[in-house]
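Participant: Below, each chain spelled out in residue letters.
Number of protein chains: 4
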Amino acid sequence: MITNDVEDEGDLPGKLKEEKKEEFKHRQRRQSLGGQKAPMRPRRESTTSTGSWSSYTGSSSDEEATNPKEKEQSNSKGCSDFCVHNVAQAAFGRREIEIAQQEMPGLMALRKRAQADKPLSGAKVVGCTHITAQTAVLIETLSALGAQVRWAACNIYSTQNEVAAALAEAGFAIFAWKGESEADFWWCIEKCISADSWQPNMILDDGGDATHLMLKKYPAMFSLVKGIVEESVTGVHRLYQLSKSGKLTVPAMNVNDSVTKTKFDNLYSCRESILDALKRTTDVMFGGKQVVVCGYGEVGKGCCAALKGLGAIVNVTEIDPICALQACMDGFRVVKMSEIARTTDLIITCTGNKSVVTREHMDRMKNGCIVANMGHSNTEIDVNSLRTADLTWERVRSQVDHIIWPDGKRIILLAEGRLVNLSCSSIPSFVVSITSATQALALIELYNAPAGRYKQDVYLLPKKMDEYVASLHLSSFDAHLTELSDEQAKYLGLSKAGPFKPNYYRY
Amino acid sequence: MITNDVEDEGDLPGKLKEEKKEEFKHRQRRQSLGGQKAPMRPRRESTTSTGSWSSYTGSSSDEEATNPKEKEQSNSKGCSDFCVHNVAQAAFGRREIEIAQQEMPGLMALRKRAQADKPLSGAKVVGCTHITAQTAVLIETLSALGAQVRWAACNIYSTQNEVAAALAEAGFAIFAWKGESEADFWWCIEKCISADSWQPNMILDDGGDATHLMLKKYPAMFSLVKGIVEESVTGVHRLYQLSKSGKLTVPAMNVNDSVTKTKFDNLYSCRESILDALKRTTDVMFGGKQVVVCGYGEVGKGCCAALKGLGAIVNVTEIDPICALQACMDGFRVVKMSEIARTTDLIITCTGNKSVVTREHMDRMKNGCIVANMGHSNTEIDVNSLRTADLTWERVRSQVDHIIWPDGKRIILLAEGRLVNLSCSSIPSFVVSITSATQALALIELYNAPAGRYKQDVYLLPKKMDEYVASLHLSSFDAHLTELSDEQAKYLGLSKAGPFKPNYYRY
Amino acid sequence: MITNDVEDEGDLPGKLKEEKKEEFKHRQRRQSLGGQKAPMRPRRESTTSTGSWSSYTGSSSDEEATNPKEKEQSNSKGCSDFCVHNVAQAAFGRREIEIAQQEMPGLMALRKRAQADKPLSGAKVVGCTHITAQTAVLIETLSALGAQVRWAACNIYSTQNEVAAALAEAGFAIFAWKGESEADFWWCIEKCISADSWQPNMILDDGGDATHLMLKKYPAMFSLVKGIVEESVTGVHRLYQLSKSGKLTVPAMNVNDSVTKTKFDNLYSCRESILDALKRTTDVMFGGKQVVVCGYGEVGKGCCAALKGLGAIVNVTEIDPICALQACMDGFRVVKMSEIARTTDLIITCTGNKSVVTREHMDRMKNGCIVANMGHSNTEIDVNSLRTADLTWERVRSQVDHIIWPDGKRIILLAEGRLVNLSCSSIPSFVVSITSATQALALIELYNAPAGRYKQDVYLLPKKMDEYVASLHLSSFDAHLTELSDEQAKYLGLSKAGPFKPNYYRY
Amino acid sequence: MITNDVEDEGDLPGKLKEEKKEEFKHRQRRQSLGGQKAPMRPRRESTTSTGSWSSYTGSSSDEEATNPKEKEQSNSKGCSDFCVHNVAQAAFGRREIEIAQQEMPGLMALRKRAQADKPLSGAKVVGCTHITAQTAVLIETLSALGAQVRWAACNIYSTQNEVAAALAEAGFAIFAWKGESEADFWWCIEKCISADSWQPNMILDDGGDATHLMLKKYPAMFSLVKGIVEESVTGVHRLYQLSKSGKLTVPAMNVNDSVTKTKFDNLYSCRESILDALKRTTDVMFGGKQVVVCGYGEVGKGCCAALKGLGAIVNVTEIDPICALQACMDGFRVVKMSEIARTTDLIITCTGNKSVVTREHMDRMKNGCIVANMGHSNTEIDVNSLRTADLTWERVRSQVDHIIWPDGKRIILLAEGRLVNLSCSSIPSFVVSITSATQALALIELYNAPAGRYKQDVYLLPKKMDEYVASLHLSSFDAHLTELSDEQAKYLGLSKAGPFKPNYYRY
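Chains as they are written, first to last, in UniProt numbering: chain S, 1 to 507; chain C, 1 to 507; chain D, 1 to 507; chain V, 1 to 507.
Rather than coming from a laboratory, the hints here were simulated on the basis of the structure.
Take the hints with a grain of salt, since some may be wrong.
A pair counts as met if it fits within one copy or between any two copies, since identical chains are not told apart.
[Stated by the list, open to error] In silico DSBU-like cross-links for lysine-lysine, where the CA-CA straight-line distance does not exceed 30 Å:
hint	residue 1	residue 2
1	247	490
2	217	178
3	217	124
4	409	366
5	336	409
6	501	455
7	409	112
8	496	336
9	463	217
10	178	455
11	217	336
12	77	463
13	464	244
14	409	501
15	244	490
16	455	308
17	77	366
18	216	247
19	71	463
20	244	463
21	112	336
22	244	124
23	455	244
Computed from a predicted structure; not experimentally measured.
Based on the sequences and whatever the hints tell you, model everything.
Facilitator: Set out below in structure tokens:
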């Protein structure tokens, strides 16, 4: 169903084109390109894989500036098949990994349940993702399930050096550090693809770079790959294009759009991170505040519920009458920004659209209005329109700018219009656990699928696997599922093991 | 997509088979067969079309028992092409219709916007639905849009006689009264299908009886029909079966599963009616009560939110790990019935399943526990298991039975296990307005579609029409939609007029 | 503290004067004079003692109209010291009493705990309250604790005849029926005060009529009374006046203002009954509705919370800046009625004030606006201003009038401006249980107090007893209190048995 | 009423004695002694006056360690009547003050409304409070109203040096820096009391140190003071003791217990800060978490509401049956800690009691349980019991310790058991604005009261002033108060200007 979708597209919408351009200009910002699921397209950059490093304060300033490629390092067992900032930081990274494990019940349960089976025995995985404590839990889980891995970063800035060190110390072939150059970036990925006596048979990608590098430079190797797992909007989009042009010779799994992951990335995670991001940056009191939330998709629903719960008066802007009607039924006034800008204390964009907050709106806002983006990329607030001679920018804290109008009015802009949930709060490990478990299961599914089940196309995770990911996380809530009796299963026409809903079911 | 669904079914699940049997045994109870959408199947009996007659107290007891077929009646203009209980009751019915109009903004807006166009000009509609004040608003809207109609009841008990009288007085060919016999029932439908100089070209059906009667007895007439609009689970299912067996020679529209209708029938309506039904029957105080809601689909979500909002402590049972995880994230404990039955004050079933509450559970419940069904049909609570010699039934109020155990323990059973939202509360006209507007738009779409757009198959309402139904209801909330700018539409790859979401979007 | 209050008043405020006048004009409406606690004065008519008879449908119409005084009746044991409508209705009444017992854990627990002690042994109580199933549970509890009682109705219309019959059958000296004349009313009370070999020593009053009759006609008997328990605003006010003028020769307990009772009468009860009353009368859908709640005291807080929880958009009017600020912090816009009348769907008054909704406001309201009073008496909505020649009243259902403006606009007025929670919904027995337990404890306290503890004055229930009432109701929620350790009690300077808070504590 | 309270006390409860001892041992920790209002006593340490400096990162490390007393500084106008860390930091402090002004509408409105009157003209105020941006707004407001002031810190660590610099630069006689020694502390206060041609006539105190120093060392000066305004539990308690022993020769105002301040310090502020404190320290996801909140006073109510709103499952422990019943009605299970410790993810204490969480409880807790104190002082969690040889403490982040059991179980202890809302989150300026406006009005009231209105005693702020403080803050919510008509005021027996409620009203 998804696969056909792309066929009709003909031309790419402007949105993905613009992002693509942006991506190659400023690869280092990719984490902020992500954002929540665009309402219109099921593919997305992952937000969750960026992890919670925002609450981690590395102290790299006092360290030597030598390029890791030029250092000779080996871990305590003498192995040196890795390249990280400083393997001596392993202990600190290991503790971060252990803390992350406590909030990642899905992967830990998977490790426990499947360790005997070793369903990834024989799998040789090239991984290319953000390198965080949560990713480390994923990597070590894959290893526990039998896989061999080689891993690089999908972003030149997002690597937690201590975590990379801990992985290297544990014997993993890890090639990543914070602050890679463009050349370093490709060098690291290449080290994962091509190595002595190493024929990879699986790719776990976030953005599509490992996939595309292998396809271009190592086509023979690529043709032997059994499957690709991709979690970002951009990466998924590139796969659909490959598929359309007939170049995708390998089955691929789009894990970006599995139900469980989407709900956690958007509704549940944002419901908490909007509060966190606003408090950390502005110490604002929510009670009694007039708020406008732009867009009533999953992200908007989460933001609205959280703010209403704390006594804010929330209004919504929407273009889609169905979502607008939902906002009405949930107790929110549906307004146009132009009607309400003048009396609003707090504006949050969650649309996936561009220029939702314009200079004209901001000209009307009252003194002290806070403007923040929870939606997509950095396009929702027209920040460029604020870079004019008549306005003064004043950085008052990290991630907080006052934009000062000639009459002294101040608008408080957060994270320069980038995603505040990524820039100004952390992502709970539990959210990442959902994503990571989904990735691991997609690997297992593709690796073990009987020949012919998957063709050279892009697939969504089977619903049964989506349900399995959810079930892996229930125990941490001490939740007890009810089992269907035989009679009930027959009555409903269902298997007792699921799947329990048709594909079009709206959770 | 939906159409393919049925193909794979091979055998019907036991659920629909059982219902079918039940339906022919007790046609008069069809309204209660309905219930909310079964989580597993998109087709359903309509709940909404049964309207709010529960709050209406007819006084038929003192009236003569003459069969309307044997009476000679004509309205004030001399027309006698109708058959109702007593056309003299028209004034009272007219007032009920006027009250309903105030809460049916969708139809009233449609009347206003499309009256000039007369998009149903030339349409000759056979209607077969519940006959309530809300239906009357629909019928008069179709007429205002240019249609000619003949209308019968889809249920032998649900007709509001005064409303039927008002329609007859207004000149409509209406054939329905409360308490029809089986023979009357078919006679009425036949009067709508077959009449002098009347070749119907559209069918608006609720349950499929008009469709099937015409197909069987008037196949030639049927072959000239342009389209069928069907809103019930059962009717839709019968259409899919016709389609499968190649007998569906006419395009049909399944309005049961349009997004807007589904959300209102289930989530929004049940959120309010659970409270209403419980208060009207038991005067129970919600604050502090221990509640179990079985099933966390849309109906369960609505019940949970409403009860939590009033200070109840709500637990959930689920078979589906994804829904269970949602319940956790919304703050509900996920338990098994057997763990919790002993300490619970109130149990509400919303599953679409059978025997969710068993005799064994009820044996464990504490004195005074209230048991109610909001889900589907009358199967969720195993009421038959309570009809044993050791238990005493005591009817304490209308719709309220005390089941008394030998030790004096009482369980309070509502509506004998049938749907309490239908039996013990009323459906707000606003909810019916959504359904009716959807039906009207489906008629317009099928009637005006260019040849070839719809084949001899069953279709879902196009998303754009779903969005249109929503938009028709926004004005009653004074909600103001935002319009996309040209630039934004291009960026998103959308038309400014919608549809705004892909088909698989989860609202 | 309360006692001094009255001293400073000098003149009565107009409010109580007006009510007083109203009371003697229309004694039969006393239940509707009640209402929630006026924000300004702690005394009030009881709402709760009126019980849930609204959900009870008596069938007195077909019964003979003989005045009970003229009938000769005796119960099955041959006793005839009572006067009720028809003692043969006892069985039905008994069942209602049994149902009420299930929701009155406080009294039932008291019965159990104190039955051995018989703390009311020797007490001879004249009772004068509404006669409902809940009152019967109170009466039988007093009896179980050792008291002898004689009981009359405090209202000529509120007696549930079947319950009175059940009490008579059980041997109680009960004198009350529905539809007493003024003369009957006083005759019944007198039968309770004066009887052979009966010197009452306690009075339990609701409105002060038993107290005043005894004081006037039987002053010698009155002087031997040990204590009075009074629960209504009016009755309490009359006691304060007696006290001021030196005529109160007996200690009296004001149970109207105990913390627990007040919270349940106002916040917790109204939070539910506002929904119930609106649904039963109008079937309105709450989601998305624009609401104005006038007054943000306990009643207003309850109404606001309930409606917000179901998706209404709630605005508040207030005169008191502290309450207004609370409304802001709870997420409600604070507005003036004149600003918002035009766009509102639903207006609820909860102020204790008069003319909060004026004709001018109603002239501005939009078609279909619902207006209801939850506050006090029937003064909050200026209903008289609607009785003008230009407006048409149309009774559409019981308790629902459409007021029709010349241009066709309809305002929907509930209960003619009287309290909708009393007129259009029922009071849960649990709420009455709190009040009744408070009354019973006040009787026990006054009856058993050592000489000198209470003087000839009006007292509030000691906080420790208030806490005891609360504790009696905890078990029905399976709530487990924590006990202070010795060390903790010392640290806090508290007794382990309470009271736990100072008198001025704001719960 | 409050004044009498103390009379009966005879012996101080252990609580205040322990605190007193603690205070003199560790004066520097006074901010954390504060905490929310102890349920049992109306007096308290102020939480709000500590302001939001936790979100401010001073950079004192690189500065010289010279004692400010030994530096010679003068501001740009040549004035040197102050002693601060470094007057050159004034610009940064000024910006912080300007930001604070935006969230302190009460003081800003007071400044505007009363600037013409200069109600403090002639007032000579000795101030002794925390020195923060919010205090600066208060100081400058007092000055704008006509007062002369000299100001010292009430805490040796809480001064924001940059703010003190800005005040010095603006010409205020400010004597305070971060990190004063005990000797410095008293020196600074003395500089404010005694100066050339300075006879103070008002004291604004937080903790009572300025009051007591003046009383002891400058009794003649003290006797000329017109009034004292005190906001802390400790300071108020000391005043009551002075009063009892006949040494209070001056009227004093207890602003700690005014309604508005109390609600904001406790309910509204804690509702937000509990979330903030937990997120900043642990990044925990709230959805689905099992929580125990100990104590259901205002602080507990705020914590419960906030966490429930985000999907946590909240249980409550209580000793007081009235509060316990409220918890039930609000939808929380009331449990004992021993029953629930084993399955809880998050424990929050809000009791004002000691040893609410014991070692025994913590021995039972599950791995990863977070324990935090929102209540009072550092006594609620028995932290000392964790300092045993068998447990390992690991500091994982600032304010976050892992306590590790021999079997590897980790308990996550926040802020070593001190108040997390003070230690780990910031207090919104809006909350401080309420407190500061209350202080300013108390000064105005005492300074302008006609002779005889206030005697040598401790008073609560008149309700009318409490209402005025609330009204000053309404405009920031664009809230519109309704005014009583003459007729309504007469009906209610109220003045149109308030006060609107009796003293015992429970908001």
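Participant: Next step is simple, just say for each hint if it's right about the structure.
Facilitator: Structure-based check of all given hints:
Proximity of residue 247 to residue 490 under the C-alpha cut-off of 30 Å is restricted to the inter-copy arrangement: shortest distance 28 Å between copies versus 44 Å within a copy. Taking identical chains as interchangeable, the C-alpha atoms of residue 217 and residue 178 lie at most 30 Å apart only when both belong to the same chain, with a minimum of 25 Å there against 62 Å between chains. Taking the closest pair of Cα atoms, residue 217 and residue 124 come within 30 Å of each other only inside a single copy of the chain (18 Å); across copies the shortest separation is 67 Å, beyond that limit. Taking the closest pair of Cα atoms, residue 409 and residue 366 come within 30 Å of each other only inside a single copy of the chain (7 Å); across copies the shortest separation is 38 Å, beyond that limit.
Taking the shortest Cα distances, residue 336 and residue 409 sit within 30 Å of each other both inside one copy (22 Å) and across copies (29 Å). Taking the closest pair of Cα atoms, residue 501 and residue 455 come within 30 Å of each other both inside a single copy (24 Å) and across two copies (28 Å). For the homomeric pair residue 409 and residue 112, the shortest alpha-carbon distance between copies (19 Å) is at most 30 Å, but the shortest distance inside one copy (58 Å) is not. With identical chains, the CA atoms of residue 496 and residue 336 are at most 30 Å apart between copies only, with a shortest distance of 16 Å across copies and 48 Å within one.
Taking identical chains as interchangeable, the C-alpha atoms of residue 463 and residue 217 are never at most 30 Å apart, the minima being 35 Å within one chain and 44 Å between chains. Within a single copy, residue 178 and residue 455 get their C-alpha atoms no closer than 37 Å, and across copies no closer than 59 Å, so neither meets the 30 Å cut-off. Taking the shortest alpha-carbon separations for residue 217 and residue 336, neither the intra-copy value of 51 Å nor the inter-copy value of 55 Å comes in at or below 30 Å. In this assembly of identical chains, residue 77 and residue 463 lie within 30 Å of each other by CA distance neither inside one copy nor across copies; the values are 43 Å within and 61 Å between.
Taking the closest pair of Cα atoms, residue 464 and residue 244 come within 30 Å of each other both inside a single copy (27 Å) and across two copies (27 Å). For the homomeric pair residue 409 and residue 501, neither the shortest alpha-carbon distance inside one copy (53 Å) nor that between copies (38 Å) is at most 30 Å. For the homomeric pair residue 244 and residue 490, the shortest alpha-carbon distance between copies (22 Å) is at most 30 Å, but the shortest distance inside one copy (41 Å) is not. Neither within a single protomer nor between protomers do residue 455 and residue 308 lie at most 30 Å apart by alpha-carbon distance, with minima of 47 Å and 47 Å respectively.
For the identical chains of this complex, residue 77 and residue 366 are neighbours neither inside a copy (62 Å) nor across copies (35 Å), given an alpha-carbon limit of 30 Å. For the identical chains of this complex, residue 216 and residue 247 are intra-copy neighbours only, at 11 Å inside a copy versus 54 Å across copies, given an alpha-carbon limit of 30 Å. Taking the closest pair of Cα atoms, residue 71 and residue 463 never come within 30 Å of each other, the shortest separation being 47 Å inside a single copy and 59 Å across copies. Taking CA atoms no more than 30 Å apart as the test, residue 244 paired with residue 463 passes in both settings, with 24 Å inside one copy and 26 Å between copies.
Proximity of residue 112 and residue 336 under a CA criterion of 30 Å is satisfied inter-copy only: 25 Å between copies versus 52 Å inside one chain copy. In this homomeric assembly, residue 244 and residue 124 come within 30 Å of each other (Cα to Cα) only inside a single copy, at 27 Å, whereas the closest approach across copies is 47 Å. Taking the shortest alpha-carbon separations for residue 455 and residue 244, both the intra-copy value of 13 Å and the inter-copy value of 29 Å come in at or below 30 Å.
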